[in-house]
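Using the supplied hints, reconstruct the complex from the two chains, each of which is provided in its own coordinate frame.
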Amino acid sequence: MKDDTPSAGTPRTVPVQSETWSNQVNAEIRRAAATGIYDIRGGGAKRKVPHFDDLLFLGASISRYPLEGYREKCETSVTLGTRFAKKPIELKIPVTIAGMSFGALSGPAKEALGRGATLAGTSTTTGDGGMTPEERGHSDKLVYQYLPSRYGMNPDDLRRADAIEIVVGQGAKPGGGGMLLGQKISDRVAEMRNLPKGIDQRSACRHPDWTGPDDLEIKILELREITAWEKPIYIKVGGARPYFDTTLAVKAGADVVVLDGMQGGTAATQDVFIEHVGQPILACIREAVRALEDLDMHREVQLIVSGGIRHGADVAKCMALGADAVAIGTGALIALGDNDPRWEGDYQKLGTTAGAYDDWHEGNDPAGITTQNPDLMARLDPLEGGRRLNNYLKVMTLEAQTIARACGKNHLHNLEPEDLCALTMEAAAMTHIPLAGTDWYPGKPGSTF
Amino acid sequence: MQTYDLEADGLRGLNASLHAQAQDTNQTAWEIVNPKGSHAIAVGLDAPIEVSVKGSTGYYCAGMNKQATIHVFGSAGPGVAENMMSGTVIVEGDASQCAGATGNGGTLIIKGNASSRCGISMKGIDIIVHGSIGHMSAFMAQSGNLVVCGDAGEALGDSLYEARLFVRGSVKSLGADCVEKEMRPEHLTLLAELLDRGGCDAKPEDFKRYGSARQLYNFNIDNAY
Ligand SMILES: Cc1cc2nc3c(=O)[nH]c(=O)nc-3n(C[C@H](O)[C@H](O)[C@H](O)COP(=O)(O)O)c2cc1C
Numbered sequence: 001m002k003d004d005t006p007s008a009g010t011p012r013t014v015p016v017q018s019e020t021w022s023n024q025v026n027a028e029i030r031r032a033a034a035t036g037i038y039d040i041r042g043g044g045a046k047r048k049v050p051h052f053d054d055l056l057f058l059g060a061s062i063s064r065y066p067l068e069g070y071r072e073k074c075e076t077s078v079t080l081g082t083r084f085a086k087k088p089i090e091l092k093i094p095v096t097i098a099g100m101s102f103g104a105l106s107g108p109a110k111e112a113l114g115r116g117a118t119l120a121g122t123s124t125t126t127g128d129g130g131m132t133p134e135e136r137g138h139s140d141k142l143v144y145q146y147l148p149s150r151y152g153m154n155p156d157d158l159r160r161a162d163a164i165e166i167v168v169g170q171g172a173k174p175g176g177g178g179m180l181l182g183q184k185i186s187d188r189v190a191e192m193r194n195l196p197k198g199i200d201q202r203s204a205c206r207h208p209d210w211t212g213p214d215d216l217e218i219k220i221l222e223l224r225e226i227t228a229w230e231k232p233i234y235i236k237v238g239g240a241r242p243y244f245d246t247t248l249a250v251k252a253g254a255d256v257v258v259l260d261g262m263q264g265g266t267a268a269t270q271d272v273f274i275e276h277v278g279q280p281i282l283a284c285i286r287e288a289v290r291a292l293e294d295l296d297m298h299r300e301v302q303l304i305v306s307g308g309i310r311h312g313a314d315v316a317k318c319m320a321l322g323a324d325a326v327a328i329g330t331g332a333l334i335a336l337g338d339n340d341p342r343w344e345g346d347y348q349k350l351g352t353t354a355g356a357y358d359d360w361h362e363g364n365d366p367a368g369i370t371t372q373n374p375d376l377m378a379r380l381d382p383l384e385g386g387r388r389l390n391n392y393l394k395v396m397t398l399e400a401q402t403i404a405r406a407c408g409k410n411h412l413h414n415l416e417p418e419d420l421c422a423l424t425m426e427a428a429a430m431t432h433i434p435l436a437g438t439d440w441y442p443g444k445p446g447s448t449f
Numbered sequence: 001m002q003t004y005d006l007e008a009d010g011l012r013g014l015n016a017s018l019h020a021q022a023q024d025t026n027q028t029a030w031e032i033v034n035p036k037g038s039h040a041i042a043v044g045l046d047a048p049i050e051v052s053v054k055g056s057t058g059y060y061c062a063g064m065n066k067q068a069t070i071h072v073f074g075s076a077g078p079g080v081a082e083n084m085m086s087g088t089v090i091v092e093g094d095a096s097q098c099a100g101a102t103g104n105g106g107t108l109i110i111k112g113n114a115s116s117r118c119g120i121s122m123k124g125i126d127i128i129v130h131g132s133i134g135h136m137s138a139f140m141a142q143s144g145n146l147v148v149c150g151d152a153g154e155a156l157g158d159s160l161y162e163a164r165l166f167v168r169g170s171v172k173s174l175g176a177d178c179v180e181k182e183m184r185p186e187h188l189t190l191l192a193e194l195l196d197r198g199g200c201d202a203k204p205e206d207f208k209r210y211g212s213a214r215q216l217y218n219f220n221i222d223n224a225y
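Chains as they are written, first to last, in the numbering used here: chain A, 1 to 449; chain B, 1 to 225.
Excised from the complex, chain B in its bound form (with noise of 0.2 angstroms):
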């Protein structure tokens, strides 16, 4: 276990580290102390090595991610793993608002809640919330999966595209162009492994699932004002 202590070695020293581990790196376990709310911690990794975060992150934490997992034990600021490829990130506590955005693969998993924004423009992640969701969440999402075992706030979806959500308590409401839809099997089966990945102690049953209308697709004059 390397340890890296942010508060004294500084970001560029852990972000430079980061980087430098190779594919078959057999230092793959990181522990970063003294976090601080810093910015942009362990931002652009591209390994398969385990991070650990002992503390609260500001804004970014794991931007743009591929391979690695990152676990934060504490909250993160806006925008963790914003545009992540693959890997994981797992956040202990809450997320401010923007988490998982422009997301293209990997998980994200939130155990407490998220704010607004949540999975904005996703393009494939899959982003998992133990509690619940703010406002305009999955908004123009693109692709990918939102599973909240909470509740979602106001414009759920709003001009989304092809992500699914799944919401097992209530949505303020729905945004443009996004509507329930039937879970059919094939959805509470995609469910049940998100659940599990997730650690999530949920019943695929007690979920509805969100997702485009498919109105907006074509520019029709009737539908921008």
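Here chain A stands alone, though its shape is the one from the complex (with noise of 0.2 angstroms):
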């Protein structure tokens, strides 16, 4: 009879984690059977997708020559609202900072995106829930989000803000409406708000008195007629049909288009939302270039671009895309000191560790910034979160005009597409940037696949 019985030191199967079943996926489905809730969490896709470091900058050669360090002129200024508006906003650099909602936000937290981007000679924006003195007052220029939950909005505010950006979507959750839960509705809050306190507030998904972009365009029409057709109009999308929503955007009147990818912060949606919805921003840029570049409109409508933005080789790849700006949320939070390690006693208290912190809908934010708690309010001094803000967005501009430079361009603006190389396959054919050590993407016109 044969003996099955492993005897001392013959080799066995070691266990094997299943790539599909992994231990995150398992301990979701507990998590899901013990509480009958799916999860929900601020902060932007955390899985890797094709991103901007699948591209590459090819830099000068015998064919290009570059720009002298730091001492040639490199122009950072960008113009937004050239279209239609009669004052059109001039910054100073392409990095502007993206809408985050008074009530996700604190207010200290809103002034100090405000103090940082003025410092900076750039925009920062409203969001859901309204506009705050503070915000105001501390912002040089102030765009003021038109969403569908209109909470806080007022003609005073519109006519007070520096451009109007209508949110049609967010790369976080194109499709959904927002969400934010009881325990950060403070006072203030709710009245802003108009809501009782201390109940979830959920923002909704569609505006309430226009539906499709025919519509669209007289709401856009009625906006402008309120503010003398002043101010330029942004239209806010989510990456998710870049090439029409860009078209349908221009078609309804937009001064701006601002496109965000699915990497992009929000302040809570479910967790399955977040990362199975929208297309990462690489995949968008190009698509709505197309669209503009069709219609005639590249340049003549701004685009700005958003969605995991981190630095100056990020803003300058957005740009040789074909961008005319950038949008950052999570970087700047994190300059005022989100996910900060200092905290990390306070991180290891709920469950978490700086960098994976992302309960923000909670309101216990260890750094202060997402919460409506006045104790951890007062961890973030708005005036030294503005300073770093300000250092940040000026090291992202250096890092994008080194590039540039390197590229022999004397305005950001200058970058384009025959700067980059891509480094997968996907990147290739999401940007037809050709294949590094090629001259080729998928799909290029003549070739066979």
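Check before you lean on any hint, since a few could be wrong.
[Stated by the list, open to error] If we take Cβ atoms under 7 angstroms as the criterion, some of the chain A residues that face chain B in the derived model are: (1) Gly182; (2) Ser186; (3) Leu195; (4) Ile199; (5) Asp200; (6) Pro208; (7) Asp209; (8) Leu221; (9) Glu222; (10) Ile226.
[Unchecked claim] Pairs of lysine-lysine, DSS-like flavour, derived with a Cα cap of 27 angstroms: (11) B/Lys54 - B/Lys66; (12) B/Lys36 - B/Lys111; (13) B/Lys111 - B/Lys66; (14) B/Lys203 - B/Lys181; (15) A/Lys394 - A/Lys92; (16) A/Lys251 - A/Lys46; (17) A/Lys87 - A/Lys394; (18) B/Lys36 - A/Lys87; (19) A/Lys86 - B/Lys66; (20) B/Lys181 - A/Lys197; (21) A/Lys73 - A/Lys394; (22) A/Lys251 - B/Lys36.
[Said to hold, decoys possible] Residues of chain B clear of chain A, computed beta-carbon distances all greater than 10 angstroms: (23) Thr25; (24) Asn34; (25) Pro48; (26) Gly63; (27) Gly93; (28) Gly124; (29) Glu162; (30) Glu186; (31) Leu188; (32) Asn218.
Hints in this document: simulated from the structure, not taken from any laboratory. Note that the Cβ used here is the ideal one computed from N, Cα and C, for glycine as well.
What follows is the structure, given as structure tokens:
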């Protein structure tokens, strides 16, 4: 009879963890089974998706000559709203601060964003929940969001704004509304939104008084009439169908299109939504630029892109792909102190760790940014926060300039697709930038695949 | 009385003239002729003036109004008096969908019927409809009063918050979390004042009151389907 008992020293199969049923997946199933509730969190997509890291700049060579380090001029300014607005917005740098709501963020955090943006010569943006006086007062250029919820929306603030951003969607949740859980509804937040204190506030996913692009065109007419055609009107869309959304936004009369990819942050949304709906920003930019070119509107209608923009190289890559400016949310919060290891003890108490903290909706942010708790809020000094944000914006700009000069460009806007190569087939296919070492990208006219 | 021919002189000139009126203007009476269904008529006003529109209007007439009284002698297109802050808007005819949407204050009086989504996301406005209203009216209505002398369509008051709804006729169906509520003396007093303000020939006692059951106020998975 054969003996199946492994004798000592016989090699055995090592335990194998499943790629499909990973520890994280299994833990989430156990959590779901125990609670019956889906996971809600803040932030953007955490999984790896094709991104700007999949592109590289080529730099100068015999056929392209560079500009000298920090001595030769490399301009960074951008003007937004040149199509129809009587008063376009002039920014010193092409990095803007994205819309983040008062309610999701504390008053001092909003103030810090305004201070930092103003020091850097750029704009900041309100969010769901309306405009606060601190924010208006400390922001030289303030974009006022016009959202489906219309929380805090009023014509005086509309007239006080420097531009108006009609929010159709967000990259983190194209097709989704918002949620501000009861624990973050302070007296002030409740009053601004005209709702009882302590209840969950849902922000609708659709605008209440227009549905399609034809209605949107009339809505824009109304907003322009109310504000005497002075203010640039932006339309913000999530990265869903960038070619068609850009086309329709232009048709509806936008001065500026804001395109937010799936990595873009949110204050609070279902994790399944954040990770599984919408396209990465890398895949969206070329399609939006193509739409603008097809309409002969590239540079006439400006394109602002966002979603996972971290440093000057990302900025430069966006510009090279054809964007006029970028917007940042998460990066700005990190500059203010979000997820800083100095609060590690507090993160541990919340069952998380610095860098991974994303329960922003619960209002217990150790860094005092995504909270309405006065003790926690006091941890953020808006003056210091503003200085830090300004520094960060300055570094991003210097980095982008460094790359632009190396490519021989005297303005960030002169960066072009020819300055880039792609590291992966996916990035090459999405951007039509040739794969490194070749002159080819998938779908290139004349090639068979 | 200032008369403005919209067809001849254009929308921009109209709104610019109306915006130019100061608080203490003595040009308090304006008449707009030939509106012919134009959009964005008399939007963003902020002075105590009286504007009569002699005909029907397109989208967003009287949008975001403050202080002014705007009287439409015809019917109004979608979003009449949307996001109104204060003042009064009167529509002699019918109103299309989303009448008074997101309004924060003031009074909207519709002498005819109003279509779907009347008072959607209302935030403090009083809307008084002599006729009937369409489906999904007062969806996510936050505060203010909606008075309907006729009937209400399907899903009245779906997901509403603290707005008060008074309907004299039938309600085809109530939306999620909207329930009939007891009409207490203070509601009868309030309703009498609203009916009087709206010029309605109706008795408060003939109305039923609807409001939020407040079951959806805090996130509960059993409500999420
Ligand atoms: C805390 C927080 C709150 C936000 N609130 C809003 C909002 O009110 N309206 C909006 O359009 N987008 C909102 N966003 C999305 C940002 O405007 C922006 O699209 C996104 O943050 C850009 O991506 P990034 O975070 O990777 O830079 C929010 C983002 C964050 C992180």
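Is B/Lys54 close enough to B/Lys66, meaning Cα to Cα at most 27 angstroms?
-> Answer holds: B/Lys54 to B/Lys66 is near 21 angstroms, not above 27 angstroms.
Do the numbers back the hint for A/Ile199, that is, is its least Cβ distance to chain B under 7 angstroms?
-> Check passed: Cβ of A/Ile199 comes within 4 angstroms of chain B, closer than 7 angstroms.
A/Lys87 paired with A/Lys394 [C-alpha distance capped at 27 angstroms] = With Cα atoms ~26 angstroms apart, A/Lys87 and A/Lys394 stay inside 27 angstroms; holds.
Do the numbers back the hint for A/Leu221, that is, is its least Cβ distance to chain B under 7 angstroms?
-> holds, 5 angstroms
Are the Cα atoms of A/Lys251 and B/Lys36 separated by 27 angstroms or less?
-> holds, 24 angstroms
Taking 10 angstroms as the cut and beta carbons as the points, is B/Asn34 off the interface with chain A?
-> holds, 17 angstroms
At a threshold of 7 angstroms, is the proposed contact between A/Gly182 and chain B supported by beta-carbon distances?
-> Holds. Min distance 6 angstroms.
Does the alpha-carbon distance linking A/Lys73 and A/Lys394 stay inside the 27 angstroms limit?
-> Status holds; Cα separation ~16 angstroms.
B/Thr25 non-interfacial with respect to chain A [C-beta, more than 10 angstroms] = At roughly 18 angstroms from the nearest Cβ of chain A, B/Thr25 sits farther out than 10 angstroms, so the non-interface label holds.
Least C-beta distance from B/Leu188 to chain A larger than 10 angstroms = holds, 24 angstroms
Does the alpha-carbon distance linking A/Lys394 and A/Lys92 stay inside the 27 angstroms limit?
-> holds, 11 angstroms
Mind checking the CB of A/Asp209 against every CB in chain B and telling me if the closest is under 7 angstroms?
-> With a closest approach of 4 angstroms, the A/Asp209 hint holds.
In this structure, the hints that do not hold are numbers 2, 16, 18, 26, 28, 29 and 32, in rising order.
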